[in-house]
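FYI, the numbering for the sequence shown is 108 to 551, going by this note's numbering.
Keep in mind that the hints were calculated from the coordinates and are not lab data.
Among the hints, erroneous ones may be present.
Said to hold, decoys possible - Using 25 Å as the maximum straight-line C-alpha spacing, the simulated BS3-like pairs for lysine-lysine come out as follows: (1) Lys215 - Lys186; (2) Lys211 - Lys265; (3) Lys211 - Lys166; (4) Lys204 - Lys336; (5) Lys303 - Lys166; (6) Lys303 - Lys336; (7) Lys215 - Lys157; (8) Lys215 - Lys265.
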Amino acid sequence: MVMDVLTCEAAAMATATTKTTTTDAPTPILHPATRRTKPLWNETETDRLKHDLLLNYDKFARPHAHDQHTEVDLLLVIKHLDVDEFQSTMTIDAWTKMSWTDPKLTWKPDQYGNLTTLYVADHEIWQPDIMLYNSASHPAMSSAPHETPYLIATNDGKVIWVPPTRLEVYCNLNLRHWPYDIHTCEFKMGSWVYDKASIDILTNNGSFSHDPHVEGEPWAVLDTTFERKETMYTCCPESYVDVSFSVTVQRRGSAYHTVLTAPLFASIALLMFSFFVPYHRVEKTLLHGVNIIMLTITLMCLTHIVPVLTNNPPIIVEMYGVVLFMAVGCAGIAIGLQNMTGVARPWPLPAIFKRVVTHPNVRLFIAGAFVDEILETSRSTSNCPDTVPILNQGSNVESMNMVNNMEMVYIRNRRDWCYFALFCERAIFCLWSCIFIVITCIVG
Numbered sequence: 108m109v110m111d112v113l114t115c116e117a118a119a120m121a122t123a124t125t126k127t128t129t130t131d132a133p134t135p136i137l138h139p140a141t142r143r144t145k146p147l148w149n150e151t152e153t154d155r156l157k158h159d160l161l162l163n164y165d166k167f168a169r170p171h172a173h174d175q176h177t178e179v180d181l182l183l184v185i186k187h188l189d190v191d192e193f194q195s196t197m198t199i200d201a202w203t204k205m206s207w208t209d210p211k212l213t214w215k216p217d218q219y220g221n222l223t224t225l226y227v228a229d230h231e232i233w234q235p236d237i238m239l240y241n242s243a244s245h246p247a248m249s250s251a252p253h254e255t256p257y258l259i260a261t262n263d264g265k266v267i268w269v270p271p272t273r274l275e276v277y278c279n280l281n282l283r284h285w286p287y288d289i290h291t292c293e294f295k296m297g298s299w300v301y302d303k304a305s306i307d308i309l310t311n312n313g314s315f316s317h318d319p320h321v322e323g324e325p326w327a328v329l330d331t332t333f334e335r336k337e338t339m340y341t342c343c344p345e346s347y348v349d350v351s352f353s354v355t356v357q358r359r360g361s362a363y364h365t366v367l368t369a370p371l372f373a374s375i376a377l378l379m380f381s382f383f384v385p386y387h388r389v390e391k392t393l394l395h396g397v398n399i400i401m402l403t404i405t406l407m408c409l410t411h412i413v414p415v416l417t418n419n420p421p422i423i424v425e426m427y428g429v430v431l432f433m434a435v436g437c438a439g440i441a442i443g444l445q446n447m448t449g450v451a452r453p454w455p456l457p458a459i460f461k462r463v464v465t466h467p468n469v470r471l472f473i474a475g476a477f478v479d480e481i482l483e484t485s486r487s488t489s490n491c492p493d494t495v496p497i498l499n500q501g502s503n504v505e506s507m508n509m510v511n512n513m514e515m516v517y518i519r520n521r522r523d524w525c526y527f528a529l530f531c532e533r534a535i536f537c538l539w540s541c542i543f544i545v546i547t548c549i550v551g
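Take the sequences, apply the hints, and build the full model.
Okay, here's the thing in structure tokens:
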């Protein structure tokens with residue numbers, strides 16, 4: 108009886124020990140690769156292919172072995188172009204096509220439902236570090252932050268990436284012939300860290316082109332060239348490959364005719380027509396004043412359109428400045444001539460000037476049709492000299508003759524001064540005409 112009780116207690120203790128051991132045993136942790144024992148209910152061939160290719164893929168490592176180089180085919184298509192004169196930069200919105208071979212992204216189509224193309228995001232696989240060396244902003248060949256351009260991979264390992272990029276470089280702009288200026292800017296691109304032994308950039312005749320829609324922009328693309336170079340820097344013994352793309356553009360200046368060229372020639376014509384207004388009239392000075400105000404306002408507007416405070420300002424801006432100074436000079440000359448003939452001058456014209464104005468050819472040149480009008484105007488105003496004595500009742504004939512002689516001398520001197528003023532005005536008109544002809548040839 109006792110033996111049976113002991114046997115039951117031993118069996119109970121053994122059972123309890125077995126349960127405790129089974130309960131305390133740790134649960135085995137499955138490797139992520141083996142955790143999923145069966146495919147998802149909605150898994151497609153693309154999901155399975157992407158899982159198999161990118162499971163152990165290192166997107167930071169170059170896909171080829173260290174003793175093999177990766178060939179990158181580069182193509183640039185210009186979609187939009189702009190030039191900032193104030194910042195001296197050229198900006199290009201382009202499609203940058205890069206293609207290379209990634210041996211890690213190869214598969215057999217018959218094992219994945221005859222799938223030959225795979226679309227992956229740009230953050231999932233390796234891309235060449237092609238950057239813009241002379242960039243004025245961000246040098247990387249990436250798209251806008253809110254966009255994620257996909258890459259196209261084929262079963263033979265070929266990868267194509269076409270990110271929309273904005274390239275901005277500094278240029279040495281020559282605005283001398285603005286708004287008919289021509290500029291050539293260089294875009295230098297290459298790998299940032301890899302030398303030729305790791306990444307080699309390939310180009311062909313079609314590596315640089317522009318979209319035909321660019322022809323509707325304010326800039327016309329005249330020429331696009333490219334050059335592949337291998338450069339050795341002093342810091343490193345290896346050679347680095349870079350590609351330089353050059354763009355030559357010309358501004359479409361026809362739109363500036365109405366805005367800039369027309370006011371310039373209108374001011375010139377107004378200035379020339381003012382010479383046909385008699386210099387003793389106030390309207391001539393007012394005409395010059397209106398012309399000066401118009402030219403000043405135009406120059407102030409030009410400072411907001413094109414940088415004028417440079418070493419080589421545009422020719423048209425200099426022309427506006429020249430015409431402005433000439434208009435101010437004409438206004439000053441008109442005031443001087445009015446004072447010359449309007450103020451009483453009892454002294455005669457100097458002999459050297461009198462010989463000039465009394466020459467027959469000079470008289471024909473000045474065609475003094477306004478001399479009589481000037482003299483008549485002077486008699487009717489207070490500009491006449493107060494040399495006529497007040498005759499009293501006891502004046503005799505000799506006094507009257509003396510007064511008449513003094514009036515005749517004054518009139519003769521005044522007429523000579525008027526002829527000299529007309530000669531000066533006609534000479535200035537000829538000089539201004541020659542200057543404006545030169546300006547027209549330069550601007551035209």
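Query raised in the report: Honestly, which of those hints from before does the structure not fit?
Result: Of the numbered hints given earlier, the structure breaks just one, which is hint 1.
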